[in-house]
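**Student:** Listed below are the residues making up each chain.
Number of protein chains: 2
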Amino acid sequence: MTVSRSPRVVIVGAGFGGLKAAQLLARSGVEILLIDRNNYHTFVPLLYQVAVAELEPEQIAYPVRRILRRIPNARFVMAEVKQIDFAGQVVETEDSAISYDFLILATGSKSQYLGVPGAREYTLPMKTLEEAVALRNHIFSCFEQAVREKDATQRQQLLTFVIVGGGPTGVELAGALVELMHGPLVKDYPTLDLQQVRVILLQSGDRLVAEYPQRLGDYTQKQLRTRGVKVHLQAKVSQVTPQAVHLQDGTTILAKTIIWTAGVEASPPPPTGELFPSAKGKVAVLPTLQLPNQPQVYAIGDVADVEYKGQPLPAVAPVAIQQGASVANNIKRQLRGLSPQTFRYKDKGRAAIIARNAGVAQTDKLTLMGFPGWFLWLGIHLYYLPGLRNSLLVFISWVCDYLFGDRFVRLIFPQSTFLGIQSPPFAATDDHQPGAKQNIG
Amino acid sequence: MTVSRSPRVVIVGAGFGGLKAAQLLARSGVEILLIDRNNYHTFVPLLYQVAVAELEPEQIAYPVRRILRRIPNARFVMAEVKQIDFAGQVVETEDSAISYDFLILATGSKSQYLGVPGAREYTLPMKTLEEAVALRNHIFSCFEQAVREKDATQRQQLLTFVIVGGGPTGVELAGALVELMHGPLVKDYPTLDLQQVRVILLQSGDRLVAEYPQRLGDYTQKQLRTRGVKVHLQAKVSQVTPQAVHLQDGTTILAKTIIWTAGVEASPPPPTGELFPSAKGKVAVLPTLQLPNQPQVYAIGDVADVEYKGQPLPAVAPVAIQQGASVANNIKRQLRGLSPQTFRYKDKGRAAIIARNAGVAQTDKLTLMGFPGWFLWLGIHLYYLPGLRNSLLVFISWVCDYLFGDRFVRLIFPQSTFLGIQSPPFAATDDHQPGAKQNIG
Chain F
1 MTVSRSPRVV
11 IVGAGFGGLK
21 AAQLLARSGV
31 EILLIDRNNY
41 HTFVPLLYQV
51 AVAELEPEQI
61 AYPVRRILRR
71 IPNARFVMAE
81 VKQIDFAGQV
91 VETEDSAISY
101 DFLILATGSK
111 SQYLGVPGAR
121 EYTLPMKTLE
131 EAVALRNHIF
141 SCFEQAVREK
151 DATQRQQLLT
161 FVIVGGGPTG
171 VELAGALVEL
181 MHGPLVKDYP
191 TLDLQQVRVI
201 LLQSGDRLVA
211 EYPQRLGDYT
221 QKQLRTRGVK
231 VHLQAKVSQV
241 TPQAVHLQDG
251 TTILAKTIIW
261 TAGVEASPPP
271 PTGELFPSAK
281 GKVAVLPTLQ
291 LPNQPQVYAI
301 GDVADVEYKG
311 QPLPAVAPVA
321 IQQGASVANN
331 IKRQLRGLSP
341 QTFRYKDKGR
351 AAIIARNAGV
361 AQTDKLTLMG
371 FPGWFLWLGI
381 HLYYLPGLRN
391 SLLVFISWVC
401 DYLFGDRFVR
411 LIFPQSTFLG
421 IQSPPFAATD
431 DHQPGAKQNI
441 G
Chain X
1 MTVSRSPRVV
11 IVGAGFGGLK
21 AAQLLARSGV
31 EILLIDRNNY
41 HTFVPLLYQV
51 AVAELEPEQI
61 AYPVRRILRR
71 IPNARFVMAE
81 VKQIDFAGQV
91 VETEDSAISY
101 DFLILATGSK
111 SQYLGVPGAR
121 EYTLPMKTLE
131 EAVALRNHIF
141 SCFEQAVREK
151 DATQRQQLLT
161 FVIVGGGPTG
171 VELAGALVEL
181 MHGPLVKDYP
191 TLDLQQVRVI
201 LLQSGDRLVA
211 EYPQRLGDYT
221 QKQLRTRGVK
231 VHLQAKVSQV
241 TPQAVHLQDG
251 TTILAKTIIW
261 TAGVEASPPP
271 PTGELFPSAK
281 GKVAVLPTLQ
291 LPNQPQVYAI
301 GDVADVEYKG
311 QPLPAVAPVA
321 IQQGASVANN
331 IKRQLRGLSP
341 QTFRYKDKGR
351 AAIIARNAGV
361 AQTDKLTLMG
371 FPGWFLWLGI
381 HLYYLPGLRN
391 SLLVFISWVC
401 DYLFGDRFVR
411 LIFPQSTFLG
421 IQSPPFAATD
431 DHQPGAKQNI
441 G
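Those sequence lines, one after another, are chains F and X.
Going by UniProt numbering, the first residue of the first sequence is number 1, and it counts up by one from there.
Going by UniProt numbering, the first residue of the second sequence is number 1, and it counts up by one from there.
A portion of the hints provided could be inaccurate.
Since the list gives no way to pick out one identical chain from another, each pair is judged satisfied if it fits inside one copy or across any two copies.
20 angstroms max Cα-Cα, derived EDC-like pairs, lysine to aspartate or glutamate [what the hints assert, rightly or not]: (1) 150 / 94; (2) 82 / 206; (3) 236 / 144; (4) 150 / 95; (5) 150 / 92; (6) 187 / 347; (7) 348 / 151; (8) 309 / 364; (9) 110 / 364; (10) 365 / 307; (11) 236 / 92; (12) 332 / 92; (13) 348 / 193; (14) 236 / 151; (15) 82 / 144; (16) 187 / 31; (17) 309 / 347; (18) 150 / 249; (19) 82 / 95; (20) 348 / 31.
Treat the hints as calculated values from the structure; they're not laboratory data.
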């Protein structure tokens, strides 16, 4: 460690955990260097509302540099980490080598495909802002194609939307999708028979939102079914093809849209080898969140392998935030020559939204269903969303949606946004034999 | 014309003119078929505010199908027109052939490069939502690169922003850019010497906003210069290269960002041959806006060649809207066996915004400068922006910007949005010899 300058803390990842650590290290005498591949923080819990045309992507993205303005001892580097040299204490990006005294790995998670053949290639993920916008484009492209499609089977396929995974994300997306399709889209596509529209939620286990008490799961399932979602329990996906999802029980569901929310795995930076990869590619850490062989290096959030009551901690914002705070405190202690403290998770409970006026929430004290759960969910997310302007815009978007029962961001942005994300419908247009034109009217 | 069904009016283009025509043909006994390559209407006058991170792109885009909900006799087809068969009265898209009884061409305009070598390849346009977002990405990418760039010349180049064209669009963009760079970006990039930032406006003529009275042009120039824009009059661009813009007087300005607002030309659908192309590729029309040899076919907006007081009408929304209304009325007359009427343009004046509290506006009655002109401009655009929600969101965005003097949409969305749009800085990173890493700190 050079003595000529104040010790440098390098944070990789500007998610909930990384930002919290940076904020709590403000004015602490260290130099903070925050690295992220994007120049914005993504408010992941609202991603699905971007996908269903409820919110603009910019409303849930927040410029990192604006957050860092209040942290005078912090700098931002927009880059992708290519390699970490633990021996030399250097983080390498494409065009720079950044030395560190302390390192916080907060690189989050990516979709986990559980080894299902075709899942990675033929399902749409929803982990990033780019993917959420691509999903929005995809959904509305399916309707634009369906309204022109003369073949009934093809049309049915275009109007079938399968969501794999019955956790909170899958539930929230299913509820929002079915509302979109039975509300605004009925008005948008008067010539289309919307009885054909199917929103199918596939859950491998025997109940939805398994981390919630049984009765909340039952309520969730009842709500979704009442609103038109076809919920299939014990539905294990065996294979995904460009046009269909196949289940272990032999069922085949033809669909142009298969969305994957069935789980996440850590996305640690290279070299994973030295990071003692554990379950789901996570980074093994000590109770203090330090790496076993690297007292100067911490891992937090989705990327850290931490258990709580015998279960791995869920990949949610509160965990990352609490760990970011704990690590910031531990680094301050190390600088004062004190030993880092064990991370203790405080479970504040959980909340999920199902659909209009219907949500579930649970804390150690109370359990909420229906309108109270829905209202609490909205309040929590509005409270935690960074930025007054964003909060205002999101609030207005929600009010307009609630009053007019409409979704206003029904925009298909140019296909360029599909880059890197496979898009069945657009691929499907190639099926048309050239020159085979349909006559309208 | 088949008698079995009501006559069909096909409108190509969902811009200001096409939508106005559709709205006025509502419940008129005709069948309306509106064709556009996008499923949204773009509020073009505010595009530059998307480019400077003031507004979200979705705030100035509006779903066409939502507008058509109020027009029961209208249908929408999202497609690109490939060919028009005037003899057979058929509009052909990639996968359909659409017959028409009446046809309205409202296909708008595209950038005009005046035959300047390299202009098309190496300047950034700002005619579509996609291009405005790409420009936003580009501007902030330049700053992210500049903050890491050790070479002074390279850095100067990254921080030089040239706008070609001193019309309203160029003026509005220049004013907004200089505000962005001397305001929010100073706070975002404390380590960057923002004395290096240059916003240069190149005008080929001897004054800015030439269609306004002299003193408004002078005021505009004075305002821009006071706020830090380098205004060059009589500056004729002779060539554009990937790294610089060259003027006829021999001057060379090194810049990674060269934005082209120097003019537009019509973008008529094929076959242009039969459309009697006239000046700037426009479609020649009769005083009734009918095509000379096609009494059932009209052209409106930027694509139609119409003169007013000896000058071609400007490519602005009011012209398109008035022409859309006139054509709707003419088609109704033709259906009643009456002859179409001559289009008469009513000049309601013009308004342009320069920067905070500074605008120019002119009608036949009054001439406004400074705050009144600025306030009028905001009011007009808020009034004409389609959709209550969008108006609310834009209003809040403007208020937040005004109160906090900040731009909140400073997001660099993934490079995929650059597809089809060249991006000097990203190309420039290839200059780095591999492995030549800089050490940070």
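**Student:** Now tell me, hint by hint, if it's right for this structure.
**Tutor:** Evaluated hints:
Proximity of residue 150 and residue 94 under a CA criterion of 20 angstroms is satisfied inter-copy only: 15 angstroms between copies versus 50 angstroms inside one chain copy. For the identical chains of this complex, residue 82 and residue 206 are neighbours neither inside a copy (41 angstroms) nor across copies (52 angstroms), given an alpha-carbon limit of 20 angstroms. When the C-alpha separation of residue 236 and residue 144 is checked against a cutoff of 20 angstroms, the pair qualifies neither within a copy, at 31 angstroms, nor between copies, at 45 angstroms. Taking the closest pair of Cα atoms, residue 150 and residue 95 come within 20 angstroms of each other only across two copies (12 angstroms); inside a single copy the shortest separation is 53 angstroms, beyond that limit.
For the homomeric pair residue 150 and residue 92, the shortest alpha-carbon distance between copies (17 angstroms) is at most 20 angstroms, but the shortest distance inside one copy (54 angstroms) is not. In this assembly of identical chains, residue 187 and residue 347 lie within 20 angstroms of each other by CA distance neither inside one copy nor across copies; the values are 43 angstroms within and 37 angstroms between. Taking CA atoms no more than 20 angstroms apart as the test, residue 348 paired with residue 151 passes in neither setting, with 51 angstroms inside one copy and 50 angstroms between copies. When the C-alpha separation of residue 309 and residue 364 is checked against a cutoff of 20 angstroms, the pair qualifies only within one copy, where the shortest distance is 14 angstroms, while the shortest distance between copies is 77 angstroms.
With identical chains, the CA atoms of residue 110 and residue 364 are never at most 20 angstroms apart, being 29 angstroms at best within one copy and 61 angstroms at best between copies. For the identical chains of this complex, residue 365 and residue 307 are neighbours neither inside a copy (22 angstroms) nor across copies (74 angstroms), given an alpha-carbon limit of 20 angstroms. Proximity of residue 236 to residue 92 under the C-alpha cut-off of 20 angstroms is found in neither arrangement, the shortest distances being 41 angstroms within a copy and 45 angstroms between copies. For the identical chains of this complex, residue 332 and residue 92 are neighbours neither inside a copy (25 angstroms) nor across copies (69 angstroms), given an alpha-carbon limit of 20 angstroms.
Within a single copy, residue 348 and residue 193 get their C-alpha atoms no closer than 45 angstroms, and across copies no closer than 45 angstroms, so neither meets the 20 angstroms cut-off. With identical chains, the CA atoms of residue 236 and residue 151 are never at most 20 angstroms apart, being 30 angstroms at best within one copy and 57 angstroms at best between copies. Proximity of residue 82 and residue 144 under a CA criterion of 20 angstroms is satisfied inter-copy only: 18 angstroms between copies versus 41 angstroms inside one chain copy. For a Cα distance limit of 20 angstroms, the shortest separation of residue 187 from residue 31 across copies, 18 angstroms, qualifies, whereas the shortest one inside one copy, 55 angstroms, does not.
For the homomeric pair residue 309 and residue 347, the shortest alpha-carbon distance inside one copy (11 angstroms) is at most 20 angstroms, but the shortest distance between copies (74 angstroms) is not. In this homomeric assembly, residue 150 and residue 249 never come within 20 angstroms of each other (Cα to Cα): the closest approach is 31 angstroms inside a single copy and 61 angstroms across copies. Taking the closest pair of Cα atoms, residue 82 and residue 95 come within 20 angstroms of each other only inside a single copy of the chain (10 angstroms); across copies the shortest separation is 45 angstroms, beyond that limit. Neither within a single protomer nor between protomers do residue 348 and residue 31 lie at most 20 angstroms apart by alpha-carbon distance, with minima of 32 angstroms and 58 angstroms respectively.
Comparing the model with each numbered hint stated earlier shows that hints 2, 3, 6, 7, 9, 10, 11, 12, 13, 14, 18 and 20 do not hold.
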